[in-house]
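Protein chains in written order, with the numbering used here: chain C, 1 to 587; chain S, 1 to 122.
Since the hints were derived computationally from the structure, they do not count as laboratory data.
As the structure is a prediction and not an experimental result, all values here were calculated from the model.
Please note: incorrect hints may appear among the correct ones.
[Unchecked claim] Using C-beta positions, here's what the derived DEER-type ranges look like:
| no. | chain 1 | residue 1 | chain 2 | residue 2 | range |
| --- | --- | --- | --- | --- | --- |
| 1 | S | G64 | C | V57 | 40 to 48 Å |
| 2 | C | N368 | S | A8 | 47 to 55 Å |
| 3 | S | D113 | C | P398 | 49 to 57 Å |
| 4 | C | A6 | S | T111 | 55 to 63 Å |
| 5 | S | T100 | C | G70 | 41 to 49 Å |
| 6 | C | V43 | S | T66 | 39 to 47 Å |
For glycine and all other residues, C-beta sits at the position ideal for the given N, C-alpha and C.
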Amino acid sequence: MSPTDAQLAGLLPLAVVLPIGGAVLALVAGRVGRLLPTVVSLVAMLACTGLLVVVAVRVYGDRVLVEHLGHWHPVGGAQLGVTFVADPLAVLFALLTAALGSVLLLHTLSELGGLGKREAGGYCCLVQLLLAALIGAALTADLLDLFVWFEVAALASYGLTGFLLERAVSLEAALKIAVLTNMAAFMVFVAVALLYGNHGATNVGQLRGSLGEAVHTADLVALALLIAGFATKAGVVPFHGWLPDAHSVTAGPISALFSGLMVNLGVLAIARAVRDVYPELAQVRPLLVSLGCVSAVLGALMALAQDDLKRLLAYDTISQMGVLLAAVGLADASALSGMVYHLVDHAMFKALMFLCAGAIVHATGMTNLSEMGGLWRHRPVTTVAFVVGALAVAGVPPLNGFVSVGTIHDAFERSATASGRAGFVLLTIAQALTVAALARAVWLGFLRRRDDDYDRMEKPRPGMIVSFGLLATGCVVLGCVPTWFLHHVADPAAATLVDGHAYATAALGHSGSLAVEPTSVEVWRAGHLALTALMIAVGLLLAWWYVRRSSEPRPVSLLRRLHNGSANEYASWSILGLVVLVAVLGL
Amino acid sequence: MIVGNFVAAAVLFCLGAYTVTTRRNIVKMVLGLSLMESATYVLVISLAYRNGSTAPVLLYPPPGHTMKGLAHGNVADPFLQNICLTAIVIGVAVTAVLLTIVVRAAQHYRTLDTDEIRELTG
Chain C
1 MSPTDAQLAG LLPLAVVLPI GGAVLALVAG RVGRLLPTVV SLVAMLACTG
51 LLVVVAVRVY GDRVLVEHLG HWHPVGGAQL GVTFVADPLA VLFALLTAAL
101 GSVLLLHTLS ELGGLGKREA GGYCCLVQLL LAALIGAALT ADLLDLFVWF
151 EVAALASYGL TGFLLERAVS LEAALKIAVL TNMAAFMVFV AVALLYGNHG
201 ATNVGQLRGS LGEAVHTADL VALALLIAGF ATKAGVVPFH GWLPDAHSVT
251 AGPISALFSG LMVNLGVLAI ARAVRDVYPE LAQVRPLLVS LGCVSAVLGA
301 LMALAQDDLK RLLAYDTISQ MGVLLAAVGL ADASALSGMV YHLVDHAMFK
351 ALMFLCAGAI VHATGMTNLS EMGGLWRHRP VTTVAFVVGA LAVAGVPPLN
401 GFVSVGTIHD AFERSATASG RAGFVLLTIA QALTVAALAR AVWLGFLRRR
451 DDDYDRMEKP RPGMIVSFGL LATGCVVLGC VPTWFLHHVA DPAAATLVDG
501 HAYATAALGH SGSLAVEPTS VEVWRAGHLA LTALMIAVGL LLAWWYVRRS
551 SEPRPVSLLR RLHNGSANEY ASWSILGLVV LVAVLGL
Chain S
1 MIVGNFVAAA VLFCLGAYTV TTRRNIVKMV LGLSLMESAT YVLVISLAYR
51 NGSTAPVLLY PPPGHTMKGL AHGNVADPFL QNICLTAIVI GVAVTAVLLT
101 IVVRAAQHYR TLDTDEIREL TG
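Go ahead and model the full structure; you've got the sequences and the hints to work with.
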């Protein structure tokens, strides 16, 4: 007999309890054996994945699971306790987090096998706290609880960034991520307090009901604070100062965890805030589209100029987050479906590429593309995996990036608004720049001839090859079934963003059927194939031109000089961004 | 409304932000972050204020208040005071982590100046 909705909903807290329990056990296990913490964590994460699969099967049958924690049920439409809502979007993100987290732990087992007992325990503990925070943030329908998960994720990420203490630069990166994320946390906290002060609620459903009647200036300031805070987590320009540093100094699996999963939390929270909590506001759409497009172009441009392989990938993450945010801003049904699809894709290919980059840095001890070269001779498996990831980002069919980016571009192309049309041009430019940046990385690092042998070249371990294989297969499989994925996974997930009312109702109600029809979107038109080919051609030409020239173009060197590594300046960008957001939204 | 408190919170927040953005000494940056944090506490506690209300302790009504009056909400908002406590606890943990990073950075770089802890650029 299958469990009832209520019984299954009662299991939802386990999705965060399992990783947190695993985190505590990993610390204890670290006192016993060297491999034990990773094994314990892997078991906990696999159990969590299993649970979420069961939940996902139910939720994707047009149901929504609602659990009021501690049985604090809403009284008279008011809810003080925390509510977990498993709608398709939340479950998809939570499942992605748990599954990808398990793969990353498996990879860790191989790559960081040299860690001592205590270090392995601490590492596994922090990784699982971060994963628990991401799952909790996806499931919660309470803004205060979202803030708490944000802080848990933040604390774990500070620890993980500064984890490899033998490299002094990791402290510098930890300092920047701590200062910027901390400021972001204050912004989110103040926003939640302002909303509660005005509406007496932190529950999404209650807030939507109250905000639907009237939106005051204080609410708009709160929205600006929310967007600024979560944009910091997502690494959107100008809040991105911490991201390249934190991604480039950490070990491969940690960068993959940050880039594939943690930054998504920011985009997801912004999407929830503007689509589900607040009613439709005229200023929000153009604002998010411009924020996203600026990120997409600047991130791609900076990626093109990088010499450090992981830094290059980190700037590409900024660019991809920009694309996602722009899609949230466009808020068209097909743009939102494309956003969900691209979020999953990005997690796959970016995790894959960061793992490859980490494996290369680990094996050769080199981080700079100018020193590398000819890696395909020495490392065929890693090269194939990296190239699969790069092709997926570039949108080469039949890999997964083709349809997800295509759906987003298509939605922008069909958009009738001025911001949509401008967004289309900017996103196309960003995509061409992204292709150029990755083509340059593949050429310089992997395909270019290198005459002298590498001094050291460690052998890849089986766990690493398995994780490369899993992620690369994921990229190919997701790309081979685009119509199925869009209609059966992405559309239902995007439905609660298209119609925020359904999610808000669920947050105050009980498990039951989800009263929202997923709008099924057009997959992509044949014309997109030509556009993709054009972007790839332009990107390859650009990469060729860039590799041949000896000096940087002026705009790029100006941009690079702006990123001068000063924690103070990065903090002032954040404050400046916040002031601009408050001005645009509140005035 | 207690406007003075809100102004104080805003001023504290701006002072903190000013410190974080202009002081190159990382200990001072941490102090700036703590200032911003205190500003959020002042704001939250002030939001909980209600005119003529008493503390949200519902066990025995204080002189001049009846049990029924308390139950009908003539108390400061306990929810906001509660989340303020939560935020203070989180804040302590965060400050501890920040100071750990500062101590480690000072040991490695032998300086507290952000201008000299600047290897990751571009």
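Going through the hints against the structure:
For G64/S and V57/C, the hinted distance range of 40 to 48 Å is not satisfied, since their beta carbons lie about 59 Å from each other. Separated by about 50 Å at the C-beta atoms, N368/C and A8/S satisfy the suggested range of 47 to 55 Å. Here the CB-CB span from D113/S to P398/C is close to 53 Å, well matched to the stated 49 to 57 Å. Taking the beta carbon of each, A6/C and T111/S are about 59 Å apart, inside 55 to 63 Å as hinted.
Between T100/S and G70/C the C-beta distance comes to about 33 Å, which lies outside the given range of 41 to 49 Å. Look at V43/C against T66/S: about 57 Å separates their beta carbons, and that is not inside 39 to 47 Å.
Of the numbered hints given earlier, the model fails hints 1, 5 and 6; all others are met.
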